[in-house]
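> With the sequences and hints as input, model every part of the structure.
Each chain, written out:
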Amino acid sequence: MKSLRRVPRLRSIAAAACTLLFLAATGHAQSDLEKTLQQFNANDVKGYIQPLADLFGANMNAGMFHDAEVPRTGFHFSFEIVGMGSSVGDNQKKYTLNSPAGFNPATFSTATMFGGKRDSVVDTRTNLKYYGIADGFVNTSIFPLGAPQITIGDIYGTRAIVRLVATPSMKGFPSATLWGLGLQHSISQYVPAIPVDIAAHVFYTQFRFGDLVSFNGTSIGVEASKSLSILRVYGGLAWEKSSMEVKYAPANVTSPAVDITMNGANNFRATIGLGLHIVFFSIFADANFGSVTNFSAGIGFGG
Amino acid sequence: MNKKLLALLVIAVLPLMAFDCITDFSSVTVSLNLAPITGTFPLNPGSGLAYVGITPPIDLASLFDKSYTLTGATLYDITVGTKGEDLGTGSGTVTITVNGTTTTLFTYNGAWTAFNTPQSLITSSLITKNQTGVSALINAVTGRQRVTLGVTGAIAKAPATKDTDFISVSVYVQASGHK
Numbered sequence: 001m002k003s004l005r006r007v008p009r010l011r012s013i014a015a016a017a018c019t020l021l022f023l024a025a026t027g028h029a030q031s032d033l034e035k036t037l038q039q040f041n042a043n044d045v046k047g048y049i050q051p052l053a054d055l056f057g058a059n060m061n062a063g064m065f066h067d068a069e070v071p072r073t074g075f076h077f078s079f080e081i082v083g084m085g086s087s088v089g090d091n092q093k094k095y096t097l098n099s100p101a102g103f104n105p106a107t108f109s110t111a112t113m114f115g116g117k118r119d120s121v122v123d124t125r126t127n128l129k130y131y132g133i134a135d136g137f138v139n140t141s142i143f144p145l146g147a148p149q150i151t152i153g154d155i156y157g158t159r160a161i162v163r164l165v166a167t168p169s170m171k172g173f174p175s176a177t178l179w180g181l182g183l184q185h186s187i188s189q190y191v192p193a194i195p196v197d198i199a200a201h202v203f204y205t206q207f208r209f210g211d212l213v214s215f216n217g218t219s220i221g222v223e224a225s226k227s228l229s230i231l232r233v234y235g236g237l238a239w240e241k242s243s244m245e246v247k248y249a250p251a252n253v254t255s256p257a258v259d260i261t262m263n264g265a266n267n268f269r270a271t272i273g274l275g276l277h278i279v280f281f282s283i284f285a286d287a288n289f290g291s292v293t294n295f296s297a298g299i300g301f302g303g
Numbered sequence: 304m305n306k307k308l309l310a311l312l313v314i315a316v317l318p319l320m321a322f323d324c325i326t327d328f329s330s331v332t333v334s335l336n337l338a339p340i341t342g343t344f345p346l347n348p349g350s351g352l353a354y355v356g357i358t359p360p361i362d363l364a365s366l367f368d369k370s371y372t373l374t375g376a377t378l379y380d381i382t383v384g385t386k387g388e389d390l391g392t393g394s395g396t397v398t399i400t401v402n403g404t405t406t407t408l409f410t411y412n413g414a415w416t417a418f419n420t421p422q423s424l425i426t427s428s429l430i431t432k433n434q435t436g437v438s439a440l441i442n443a444v445t446g447r448q449r450v451t452l453g454v455t456g457a458i459a460k461a462p463a464t465k466d467t468d469f470i471s472v473s474v475y476v477q478a479s480g481h482k
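If you read the sequences in order, they're chains L and Z.
At position 288 of the first sequence (counting the first as 1) the number is 288 in this note's numbering, and the numbers step up by one without a gap.
At position 59 of the second sequence (counting the first as 1) the number is 362 in this note's numbering, and the numbers step up by one without a gap.
Treat the hints with care, since some could be wrong.
Straight-line C-alpha distance at most 16 Å; calculated EDC-like pairs for lysine to aspartate or glutamate [said to hold, decoys possible]:
| # | chain 1 | residue 1 | chain 2 | residue 2 |
| --- | --- | --- | --- | --- |
| 1 | L | K46 | L | D259 |
| 2 | L | K93 | L | D119 |
| 3 | L | K35 | Z | D327 |
| 4 | Z | K432 | L | D123 |
| 5 | L | K117 | Z | D327 |
| 6 | Z | K482 | Z | D327 |
Here are some chain L residues pointing at chain Z (derived, C-beta under 7 Å) [unchecked claim]:
| # | residue |
| --- | --- |
| 7 | T36 |
| 8 | G102 |
| 9 | D123 |
| 10 | T126 |
| 11 | L128 |
| 12 | K129 |
| 13 | Y130 |
| 14 | Y131 |
| 15 | I133 |
| 16 | A134 |
| 17 | F137 |
Computed Cβ-Cβ distance ranges for the label pairs, DEER-style [stated by the list, open to error]:
| # | chain 1 | residue 1 | chain 2 | residue 2 | range |
| --- | --- | --- | --- | --- | --- |
| 18 | Z | S350 | L | A42 | 41 to 47 Å |
| 19 | Z | T341 | L | N43 | 19 to 25 Å |
| 20 | L | F289 | Z | S330 | 33 to 39 Å |
| 21 | Z | N442 | L | F268 | 50 to 56 Å |
| 22 | L | T140 | Z | T405 | 48 to 54 Å |
| 23 | L | S120 | Z | T341 | 20 to 26 Å |
| 24 | L | A42 | Z | K369 | 22 to 28 Å |
| 25 | Z | T451 | L | P105 | 31 to 37 Å |
| 26 | Z | A414 | L | S120 | 31 to 37 Å |
| 27 | Z | G446 | L | S109 | 30 to 36 Å |
Treat the hints as calculated values from the structure; they're not laboratory data.
All C-beta atoms in this analysis are idealised placements derived from N, C-alpha and C, irrespective of residue type, glycine included.
Written out as structure tokens, the structure is:
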């Protein structure tokens, strides 16, 4: 058990960080991204932004747990900064869009928001032309997310995890607020003979992206870790679900209001990672394998 | 203490700030599907077998988000539909007038009942576009001008009652623009 009195600065830092991160959120003036989305109806926009649901969903459910050792009682507090990144595959740069009714071919491939220039389709009979909804505007092989998190416990072998981050509007993206709350419960306390620490977790995350887009994510899983001096090896299996909800009224008033929910691609992940823990400082990194390959890494203070 | 706190915050938001991968929106071309440019023309008793009609001025700039700078536009469909009693075989010419200059946009001909289900330029041989008129329309869209659609034509049977027979046209344009 570590007393918070022994690390008084951590308490101050954590409290101030939470406050400032809240204050970092700005007003809700519509961003360029939001205005762009409003040009399209539900059918058109879905494929264009589906990769965002996949990649963001995978990020939201990453980096929460890197230690399965949860004592039955005692005081634990740590403040961590976690960075997550989802690998952007070629299949997330293009999608198939319906041509206007009657066009031959009936579908064509064009850029998602992670793709390059928009493509077009030409009707073979009339030579009429129709373009995909927009150029891509995110050019990256890894889609990032960062969040501070606090873990606090331990009561009856249970530890709480809280995530919170807010970012201002920047580069055409709207302001964003992420919060997450979860519990990790020791399984090892019931079966002490097991040579590794085992814990189970449940975690919920919500992310609001301006006025039009919001994400929800849930992760339920088990993790195991083994400490070898300052080194810690950990891994886990988790079922997860993430969804992105998009709501807006299209700029074209003849189109119906858009209200769509898209599920993220990841439903299962296997994690393997490595951590280093020295007194009140720790670093960790892991790889996560599922429909979306994801990486997370971070630093922590406290213990 | 403050420096440490600042450092922590910077690290926390760094991944989100890694938006150098985000293209400047001013260079992102966006397709703007305009609300259809429409005209509904009544055919009434008293004018024999010929008919004419004209729409009120249509402000094309009102059909899309004005905050976009347009770089081009394409026509991707025209539909023609009829409503009312069967007036036999007919034909018509739809024109576009921009700044006082009138050009044929498309023509149509066929049985009145064939158009009861709106016919599409893409799938129907009953509609023929005129490229000069299409160019005038595209220039009017990118120039954010006012236009009127007009129709002249003839049918085989005169309408018997007032305000029951109509010809409706819709012109579908997709513009390209950026912020």
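> Check each numbered hint from earlier against the structure, then list the numbers of those it violates in ascending order.
none
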